[in-house]
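Start counting the sequence shown at 4; every next residue gets the next number (this note's numbering).
A hint or two may mislead.
Unchecked claim - DSSO-like, lysine-lysine: derived pairs with alpha carbons at most 30 Å apart:
(1) 123 / 68
(2) 68 / 57
(3) 123 / 158
(4) 8 / 232
(5) 133 / 123
(6) 158 / 23
(7) 23 / 68
(8) 77 / 156
(9) 77 / 57
(10) 158 / 57
(11) 158 / 68
(12) 172 / 156
(13) 158 / 129
(14) 158 / 8
(15) 57 / 156
(16) 68 / 8
(17) 232 / 23
(18) 8 / 23
(19) 77 / 158
(20) 23 / 57
(21) 123 / 77
(22) 129 / 156
(23) 156 / 133
(24) 172 / 77
(25) 156 / 123
(26) 123 / 57
(27) 172 / 133
As the list claims (entries may be wrong) - Cβ pair distances, simulated, as ranges:
(28) 126 / 188: 29 to 37 Å
(29) 170 / 124: 15 to 23 Å
(30) 60 / 97: 40 to 48 Å
(31) 17 / 134: 39 to 47 Å
(32) 183 / 97: 33 to 41 Å
(33) 179 / 68: 39 to 47 Å
(34) 17 / 186: 19 to 27 Å
(35) 186 / 67: 23 to 31 Å
Just so you know, the hints here were simulated from the structure itself, not pulled from any lab data. By construction, the Cβ of each residue, glycine as well, lies at the ideal position given by its N, Cα and C atoms.
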Amino acid sequence: MSLLKVEDMHVYYGNIHAIKGVSFEVNEGEIVTLIGANGAGKSTTLNTIAGLLKPRSGHVIFEGKNIVGMPASKVVSLGMALCPEGRRVFQQMSVRENLEMGGYTRPAGEIESSIARVFKLFPRLKERQKQIAGTLSGGEQQMLAMGRALMGKPKLLMLDEPSMGLAPKLVDQIFEIIVELHASGTTILLVEQNALMALHVASRGYVLETGRITLADDADRLLADDSVKTAYLGG
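Can you build the whole structure from these sequences, using the hints too?
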């Protein structure tokens, strides 16, 4: 069953045509990945879906409802969460306060159980729950950003470059958590420059080049595709 469907979406920055008729869908229970080079339009696509940018034309259908033009706060309350590129945690707040901010759409009585779930996924955050977020390492801040996005119990979790700038060991850890979240029932739309890792965890993938989707297939087929290997997999 389709959870998210993007139809012929066009996004502009002034006169710059950044997204050129992008269409794709994410079915319930899937991990779908968008791969592409820097500047291909991956983050713009996620930000538009999340309501942070408004497309010039096209539709974003979430659970059968067109959400184009809906404020980002309302999109969150529908069950969609974006973990943004560059982490963007609240630097001056503690770890726990960041998580509480992520749960603002949830009933007050559910906040503690949501925090407990995040701490189970990210034991390091439990150890550092009173620590100011700006003093955490890059990997810990990424865990916090993901945990904060999970506080709203999203039906669709969108992850924008979760491995960016992390040491290889931490990258492995983040991807293990993505697999665990998926196994627990979370549908995930993953934007990732590390195409190899992304395609290994995804069921399907789309290749985005200069604002257009140029290839769409099952993840294992994309892994075996010569053009994908050459452009994104170091082959």
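Taking 30 Å as the top limit, are the C-alpha atoms of residue 172 and residue 133 close enough?
25 Å, holds
Within 33 to 41 Å or not, the Cβ separation of residue 183 and residue 97?
25 Å, violated
Would the pair residue 123 and residue 77 pass a check requiring their Cα atoms to be no farther apart than 30 Å?
Holds, because 28 Å separates the two Cα atoms, which is no more than 30 Å.
Hey, residue 158 versus residue 68, does the alpha-carbon distance stay inside 30 Å?
14 Å, holds
Is 19 to 27 Å respected by the C-beta to C-beta distance linking residue 17 and residue 186?
Violated, at about 43 Å.
Does the alpha-carbon distance linking residue 172 and residue 156 stay inside the 30 Å limit?
Holds: residue 172 and residue 156 sit about 27 Å apart, inside 30 Å.
Would you mind confirming whether the straight-line C-alpha gap from residue 68 to residue 57 stays at or under 30 Å?
Judged against 30 Å, a Cα distance of about 16 Å means the pair holds.
Under the criterion that the straight-line Cα-Cα distance not exceed 30 Å, is the pair residue 158, residue 57 satisfied?
Distance of about 22 Å is within 30 Å: holds.
Please verify whether residue 8 and residue 23 have alpha carbons no more than 30 Å apart.
At roughly 16 Å apart (the allowed maximum being 30 Å), residue 23 and residue 8 satisfy the hint.
Can you tell me whether the CB distance of residue 17 to residue 134 sits inside 39 to 47 Å?
Since the Cβ atoms of residue 17 and residue 134 sit about 41 Å apart, the hinted range of 39 to 47 Å holds.
Tell me if the beta carbons of residue 126 and residue 188 are separated by a distance inside 29 to 37 Å.
21 Å, violated
Holds or violated: residue 158 to residue 23, with C-alpha atoms at most 30 Å apart
Holds, at roughly 27 Å.
The structure does not agree with the numbered hints 1, 24, 26, 28, 32, 33 and 34 stated previously, though it agrees with the rest.
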